[in-house]
Amino acid sequence: MSNLIEGATGQWEVVIGLEVHAQVTSQAKLFSGAATAFGAEANSQVSLVDAGMPGMLPVINEVAIEQAVRSGLGLNAKINTYSVFDRKNYFYADLPQGYQISQYLQPIVGEGVVTVNLEDGSSRDIGVERLHLEQDAGKSIHDRHPTKTYIDLNRSGVALMEIVSKPDMRSAEEAGAYVRKVRAILRYLGTCDGNMEEGSMRADVNVSVRHPGDDLGTRAEIKNVNSIRFMQQAIHYETTRQIDILEDGGTIAQETRLFDAQTGTTRPMRSKEEAHDYRYFPDPDLLPLEFSDEFVEAIRATLPELPDDKKQRYMADLGLSEHDAQVLLAERDIALFFEAVATGRDAKVAANWVQGDFFALLGRAELDVADSPISGDQLGGLIDLITDGTISGKIAKDVLEMMFESGQDAGVIVEEKGLKQVSDTGALEGEIDKVIAANGDKVAEFQGGKVKVLGWFVGQIMQATKGKANPQMVNQLVREKLKP
Amino acid sequence: MADLTEIGIAEARDLLAKGEISSVDLTAAHSAATAAAQPLNAMVTETPELAKEMAAASDARRSQADGGEVGALEGIPLAIKDLFCTNGILTTAGSHILDGFKPAYESTITDKLWNAGAVMLGKTNLDEFAMGSSNETSYHGPVNNPWRVKGDDRNLVPGGSSGGSAAAVAGRFAMGATATDTGGSIRQPAAFTGTVGCKPTYGRCSRWGVVAFASSLDQAGPITRSVRDNAIMLGAMAGYDPKDSTSSQHDVPDFEAALTGDVRGLKIGVPKEYVLDGMPGEIEALWQQGIGWLKDAGAEIVDISLPHTKYALPAYYIIAPAEASSNLARYDGVRFGLRVEGKDLTEMYENTRAAGFGAEVRRRVLIGTYVLSAGYYDAYYLKAQKVRRLITQDFRDAYETVDAILTPSAPSAAFAIGEKSDDPISMYLNDVFTVPANLAGHPGISVPAGLSKEGLPLGLQVLAPAFDEETMYRIAGVLEAAAGFTAEPEKWWRSGS
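As given, the protein sequences belong to chains A and B, one line each in that order.
Just so you know, we're using the numbering used here here: the first sequence kicks off at 1 and counts up by one.
Just so you know, we're using the numbering used here here: the second sequence kicks off at 485 and counts up by one.
Treat the hints as calculated values from the structure; they're not laboratory data.
Using N, Cα and C, we set each Cβ at its ideal position, and we do this for glycine too.
Incorrect hints may have been included.
Said to hold, decoys possible - Partial selection, computed: residues in chain B whose CB lies under 7 Å from chain A:
{"id": "1", "residue": "Cys569"}
{"id": "2", "residue": "Ile573"}
{"id": "3", "residue": "Gly693"}
{"id": "4", "residue": "Val694"}
{"id": "5", "residue": "Val695"}
{"id": "6", "residue": "Ser700"}
{"id": "7", "residue": "Glu807"}
{"id": "8", "residue": "Ala813"}
{"id": "9", "residue": "Arg814"}
{"id": "10", "residue": "Val818"}
{"id": "11", "residue": "Ala858"}
{"id": "12", "residue": "Tyr860"}
Okay, chain A solo, but in the shape it has when bound:
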């Protein structure tokens, strides 16, 4: 296997398990009505509950339950209609209650599976151990004052889903593919926006190494990694570090480590002496969470088509290549855009336009599909004009650029700029006659057997008509007129 690493003492295998923390898309926090918008002024989205005031009690946000169930269904996981919220006790200044409400022994979602797609076109199934709901803590800000720490409680109480994988990944690439796939699924479901840079998704990465076939090695947990690239760097660094220690005869400490993006290395976060005993116990302020199978089925009925099904359909029904299918469905917004373009049209043509000119324009403007100045329907309208012969494919590329700048429909631009293809035989014949009359030598060449000259004639006509002539028609007319 290519994932094995050659060491001095033989081959090594890296074993990776991930805990992905995904912020639930919801207007309100997990146990309070406070808002959750990103980037709000510090401590402006804090309820009495989030601030841990005396006598305040948590009340579960039903939206968060629905979103967790939805996510569980999207991860092909078992939904537990009975689950329990526990308190995870520890002291920190940004944890107002002195405990985090989480789910420990009885999570809302059990085992599931995620199929990840690797660069070589292969795919692998990665097991999901569980998904549970928990509160986020607030934020400690250490760099505003030489001796003081500021606390922002806006995130305190925000609903997170912790999605725990099985230790099924064997390379940084697989780990990256897993996070991308989980993120795509959650985005399709609308349960997490997946914005890692805003902190709505982050991962704790468990890494250990072993000789293939051995029992699992001791793992290090790298906390709070907030980009896929960093995660992969951290895995690479950690793999090498652990192999070096083991090959030098040392042992791996089971510890929590931090990734330093500046140096690309990891370092221990807490010493053993401070190892936490979280004293989990069921939160007596909350009753066990129970819901019916009907509740689950009602949510299942509203699930959108997810990436794996989409891929199947794109290939089988739309005739796309696996590569095209993969590119178009990797992000929900792209897939939605593509489907708007492809509906009622040739899917391959639609796929080419989306992946080709449209992506190029987006890239140049540094925009995401969601921010595109034109809609999928508009791009579809452009393709329709090519199909019905109103404009040529070449003109269409220019029209798309103009659409992108103005946001106008293709038809409007073609009309206003007079870009309609000239398919009027009479008008074209006039132009052709003029060119033939002025270029007797070329005519002679053609008639002498130099068939290639035909292309020169067509080019002249296209130039004379500023590209608006219907190329096929010009070709045919010129050929007829040049016949001796």
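Got chain A sorted already, so can you dock chain B onto it with the hints?
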């Protein structure tokens, strides 16, 4: 006019309705009595100005109401246990750690009381974070029981943790008081002070805005002078609160209407496990007296067994501290209350909590932390939860055959201040009859039923199935009538002795 502090809520309600007295006068009499009762140390905060305003507003509502609807407690002056958060008014939970804490919110219970027209006299003293059975653990000092042994001027404890509330009602300076009961903190002080104290079914009264001790056990209830007053006051406190996930959606019945005086045919269980070795003979005698009264009233007495009773107290002293250790983690000096600086965050926590919590609270936080720790959780916390289920099942089984249960409220009369404060186990034994109902979540009430040889009040407890406070009140009313308990403490505190 007669002394307005000598009438009860029901009587005052009628006099107010007839316009014979005003809330302003009624409240003024109680505020004055409160001020005069400072030697009892029953109040942490007195709010006479606010009381006057609220009373005037109540009188104004009544005059505008024009015979229309007024609140169930319109114009009635009450004292509030200082565990209930009151908007803008110091709320201490009897602890140093809440120094200067004035909540920006009002607890659901007090909010309901004010909406029912009640008037606030002030906040009552209590054991720190409601942890105690004698009111001696309060940072504000012990509360003195209005009752004393005749001819003996030693101060006695009023019971706890709602000692201030019980003293205020017994001493006739509040017509009623809110209280909370986690293991007996309403019923035991009621028994020690000759008042009526009810712990309703868990979930009857919202816990929102009540400083938490042990969330799965805490339940608010009223302390009053009579069973009728109690039923009236609970009616105003009870009800579903969407802000408390453990609050019950059961309809709130008209508790007062349950006081029919008729217990004929009711089956009353007498549990053999409540006969304790070394229990004073007068407690046993009082119990027998209660059994006799109910028999005479036509009830049927049934001997029952609650086999797991002896495990209740140990299970309670695992579960309650476990929850408390977590509930009290928020008192960390970061956001409100006391802060004692340190060289770093950890030291600030240590300094703040060491200075802010008293010995009993520290003891329970330590016990609770221990029983939840890795390696001990299964042996202590988990086992205690199993015991709790068995105790609940005991009650359910019993209620298959009986309608209610009669027991003593406490194993003794009030004891002297300092008598048990060095002996936590003996102190914890005070709650032996009350704790099981908390573990099961069932309602219970203590009714004054007689006096000890030394002239101190003794109470009988009526327990009932979950959400059957009506049967509980009906039986309590019959006991009250039969006992004819009219004794009052001498107001020694007014003479400055």
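**Message:** Next item in the hint list is B:Cys569. Is there a CB on chain A closer than 7 Å to its CB?
**Reply:** holds, 5 Å
**Request:** Return the status of the interface hint for B:Ala813: holds when the least beta-carbon distance to chain A is below 7 Å, violated otherwise.
**Result:** This interface hint holds because 2 Å falls under the 7 Å limit.
**Message:** Hint B:Arg814 vs chain A: min CB-CB distance below 7 Å?
**Reply:** holds, 4 Å
**Message:** Does the closest beta carbon of chain A sit nearer than 7 Å to the beta carbon of B:Gly693?
**Reply:** holds, 4 Å
**Asked** Holds or violated: is the Cβ of B:Tyr860 closer than 7 Å to a Cβ in chain A?
**Response** violated, 10 Å
**chain A contact restraint for B:Ala858 - C-beta distance below 7 Å** = holds, 5 Å
**Message:** Holds or violated: the hint that B:Val695 contacts chain A, with Cβ atoms closer than 7 Å.
**Reply:** holds, 5 Å
**Item:** Restraint satisfaction for B:Val694 [CB to CB of chain A, less than 7 Å]
**Value:** Interface hint status for B:Val694: holds (5 Å vs cutoff 7 Å).
**Message:** Quick check on the hint: B:Ser700 CB to chain A CB, less than 7 Å?
**Reply:** Hint on B:Ser700: holds, closest Cβ of chain A at ~4 Å, below 7 Å.
**Message:** Less than 7 Å between beta-carbons is the criterion; does B:Glu807 satisfy it with respect to chain A?
**Reply:** holds, 5 Å
**Request:** Please verify that hint: B:Ile573, Cβ, nearest Cβ of chain A, below 7 Å or not.
**Result:** violated, 13 Å
**Evaluation of the interface hint that places B:Val818 against chain A, nearest CB under 7 Å** = holds, 5 Å
The structure fails hints 2, 12 (numbered hints given earlier, in ascending order).
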